[in-house]
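Q: Letter by letter, the chains look like this.
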Amino acid sequence: MSYNVDSQGYYGDFGGAFIPEMLYPNVEELRLNYLKVMAEPSFQAAFNALLKDYVGRPSPLYFAKRLSEKYNTKIYLKREDLNHTGAHKINNTIGQILMAQRLGKTRIIAETGAGQHGVATATVCALMGLECIVYMGAIDIKRQAPNVARMKMLGATVVPANSGSKTLKDATNEAIRDWINNPVNTHYIIGSVVGPHPYPDMVARFQAVISEEIQWQLQDKEGRKEPDYIIACVGGGSNAAGAFYHYLDSPSVQLIAAEAAGLGIDSGESAATSFLGKEGIIHGSKTLLMQTSDGQITEPYSISAGLDYPGVGPMHANLYKTKRAEFVAITDDQAMASGLELCKLEGIIPAIESSHALAVFKQKTFKPDDIVVVSLSGRGDKDLETYMRHFEL
Amino acid sequence: MNRIQEKLKVNKKLLSIYFSAGYPSMDDTVEIIQELEKNGVDMIEIGLPFSDPLADGPTIQESSTQALKNGMTSQVLFNQLKSIRDSATIPLVIMGYFNPILQYGVEAFCKSCQEVGIDGLIIPDLPVDVYDTHYKSTFKKYGLINIFLITPQTSADRIRYIDSISEGFIYMVSSSSTTGGQVGFQKEQTDYFERVAKMNLKSPLIVGFGISNHDTFTQATQHTKGAIIGSAFIKHLSVKGIKNIDTFVKNIL
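Protein chains in written order, with UniProt numbering: chain A, 1 to 393; chain B, 1 to 253.
Keep in mind the hints are simulated off the structure, nothing from the lab. Treat the numbers as computed from the prediction; the structure is a model and nothing was measured. It cannot be assumed that every hint is accurate.
Claimed, not checked - Far from chain B by the CB rule (all over 10 Å, computed), these chain A residues:
#1 Ser7
#2 Gly164
#3 Asn173
#4 Lys362
#5 Lys364
Said to hold, decoys possible - Here are the simulated EDC-like pairs of lysine to aspartate or glutamate, each with C-alpha atoms no more than 20 Å apart in a straight line:
#6 B:Lys38 - B:Glu6
#7 B:Lys13 - B:Asp27
#8 B:Lys111 - A:Asp294
#9 B:Lys12 - B:Glu31
#10 B:Lys136 - B:Glu115
#11 A:Lys344 - A:Glu69
#12 B:Lys82 - A:Glu131
#13 B:Lys69 - A:Glu299
#14 A:Lys65 - A:Asp294
#15 B:Lys12 - B:Asp132
#16 B:Lys69 - A:Asp294
#17 A:Lys278 - B:Glu107
#18 A:Lys166 - B:Glu107
#19 A:Lys278 - A:Glu69
#20 A:Lys225 - A:Glu213
#21 B:Lys140 - B:Asp129
#22 A:Lys278 - A:Glu299
#23 B:Lys202 - B:Glu107
We put the CB at the ideal spot given by N, CA and C, even for glycine.
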């Protein structure tokens, strides 16, 4: 049994394309072409060249000596925080902008929550000279002013989503509506391994560069390709999908997904989708999502703006259900403390999302000779204000 | 024979009206249905509100959000409709997104529909092939007709496939848009109505999206069996409440 997507676009019971007929031609065009386009040598060459010279890949696999000593195990950090624009998000937007060009699209739309994916999309649109429209919840626009300014500087139009709860899920709805209204010239760059098939698989393949590099980097450093554990935070789940990708079907590698428990799983203020979610449909995908007993999608909470999505990618829903991955719930306070700890021990200020992955060390004990790779998905510059408020700096 | 199928045999252009259950007030559902039937509407789509209605524009989404705030749920709707067949003979269709139906349980939902006298369902985000493979027999068991959508982008082959599994009408989305997004029809849209009409499908065509008054109703039904009005009626309800439904309908026909 494989944990990767099947030919119908499903991961076990999850995935598929539950979309209105208005979206069918757009999604079908992508479904029929994405693998073919990605396999073209010219696409590969362009993708790899941009990842190397523009994004700055490969990102280092860094042995965190003092952190390892503290937890008495061998911890490597996969430094996605060192990428251009400060997170793993750009791996996907580079891939999708090249895809959009090859499909003859001239107009790019995207959704964004905290603004990280919006910035990564605006960046590649500037790079390619394509029109860029980013949908962002009206509430998020107020909360994330610096990223709104970045997107504007990069030439994007930021459109407020005023519907529903005015946050990420509504921004996603608005982007999908835009795509319904502009079915021919527009490509929708989804920012995570969510949405209708083929998006979860396409985004996972673009992010798979993370685990592809881990394989040879670990071979260089430890003489083996496979770590004992990989830890990544999961909101929609794109950095985790990338970090897990080449190890999905290697049973000796244990996968750990850190979810945002917010104020606590039972507090009513949480984003731990696998624990609190039920099977259903969100944004065209059958997956686990947080919802009322009547099937209305609810608004999650996390201190980390990148993890408060009410769903989770179908790959992860399947990893959870089949127990292939262990899901750990991390509260705001635990994440913030582990973020600060990395600053003090390693001189690295992590994104709060990534701090959730680091907090797993406080909940789980590893053996001294275990090799544990943590996906450090982003840097903390964007979160300074939250860190300042939390620690009264 | 199902009430929808009977109505489709009547020799006239059909007017179907959509409204969101639980809007403007929680308990308006039954009265709106009765008023619409009394004033000569041919079919009614009862919108089951959803938090994230992807295919709808702002008007229907806002009415959905308000209906949810009012406390509307699938269960409440079925309770409201419990005795609807004592006073209404008009074909009734529930239009809702798939997630609330999944949570209710697809079979349980179909059963409740049959119990209150619902004739069909429109579920925009239930893909045709998933319905065909997994749910067709359940719908049949409870006497429900599933209505599928086509758009100007739908290929001729796919229209034929959709026609082949349709038992009622085909819901012809007038343009590439969400609901309530446009005023009047352009030539490319009327050409599309005509093009599909000439395919001689077994299923009658009913046009939705973009119909708001007498002129657009006439244009939309020139080559088709009927038309559906949604956003324009919701706007009427938001301004006038459930009064003057008679004038609204008269102005269309």
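Q: Output the numbers, in ascending order, of every earlier hint that fails for this structure.
A: 2, 3, 7, 9, 12, 14, 15, 18, 19 and 23
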